[in-house]
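Asks: Keeping their order, the protein sequence lines are chains A and B.
Going by this note's numbering, the residue at position 48 of the first sequence is 48; the numbering climbs one at a time, nothing skipped.
Going by this note's numbering, the residue at position 39 of the second sequence is 39; the numbering climbs one at a time, nothing skipped.
Simulated from the structure, these hints should not be mistaken for laboratory data.
Any given hint could be a false lead.
Here are the simulated lysine-lysine pairs, DSS-like style, with alpha carbons at most 27 Å apart [to be verified]:
id, chain 1, residue 1, chain 2, residue 2
1, A, LYS62, B, LYS105
2, B, LYS70, B, LYS57
3, A, LYS71, B, LYS56
4, B, LYS59, B, LYS70
5, B, LYS105, B, LYS59
6, B, LYS70, B, LYS56
7, A, LYS44, B, LYS70
8, B, LYS105, B, LYS70
9, A, LYS27, A, LYS71
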Amino acid sequence: NAGVMQNPRHLVRRRGQEARLRCSPMKGHSHVYWYRQLPEEGLKFMVYLQKENIIDESGMPKERFSAEFPKEGPSILRIQQVVRGDSAAYFCASSPNEARNSPLHFGNGTRLTVT
Amino acid sequence: TQLLEQSPQFLSIQEGENLTVYCNSSSVFSSLQWYRQEPGEGPVLLVTVVTGGEVKKLKRLTFQFGDARKDSSLHITAAQPGDTGLYLCAGLLQGGGADGLTFGKGTHLIIQP
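Make a model of the complete structure from these sequences and hints.
Replies: Written out as structure tokens, the structure reads:
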């Protein structure tokens, strides 16, 4: 199955630790999006990346959160000094091109729990 | 402020019944997509509608994009237990905005056998 792969599926961190979430896009896809899902809020756009470039990070908190998509390897969403409010499901999606209405292929998410 | 309002939030019906769920906004969208999400999994794309008034059918599912491209509906005929899931609408705002899709909160649909 060459779908979008996210790992880990579940991640538990204590307050103040760092969380690193990984996403390997579908084969042939060079555009990656990160979304956060909370039960009360639905899916919220965080950041859009292409290889080695952040295209739009308007949905990402200015502090503690960062994302990268290196030339080689998976995209990484990094959350430093996690707080309880960071607990959520984080989904990565990929698309084959930059068309804004290009269909997104989602991974099965990483469920982050901050204790 | 929620740009895309979905209704109803929850719907539980018997197998074989018909249903319609709605996705409404005061903003114009250049395109709108419907996804279905099951517990523990990511959303899966069902359809993309682009043209105002467009109707698309996917087996027992009928999707319609409003003439003004501000709203959409999903109608399911003869619902089956396999249709159970969270149905999400998502759109791209006309004329710019973030590159990411704007999602509604979804309709939780349960089809009882």
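Asks: Hints first: check each against the structure and report whether it holds.
Replies: Consistency of the hints with the structure:
no. : hint                 : verdict
1   : A:LYS62 <-> B:LYS105 : 24 Å, holds
2   : B:LYS70 <-> B:LYS57  : 20 Å, holds
3   : A:LYS71 <-> B:LYS56  : 38 Å, violated
4   : B:LYS59 <-> B:LYS70  : 25 Å, holds
5   : B:LYS105 <-> B:LYS59 : 25 Å, holds
6   : B:LYS70 <-> B:LYS56  : 17 Å, holds
7   : A:LYS44 <-> B:LYS70  : 19 Å, holds
8   : B:LYS105 <-> B:LYS70 : 16 Å, holds
9   : A:LYS27 <-> A:LYS71  : 14 Å, holds
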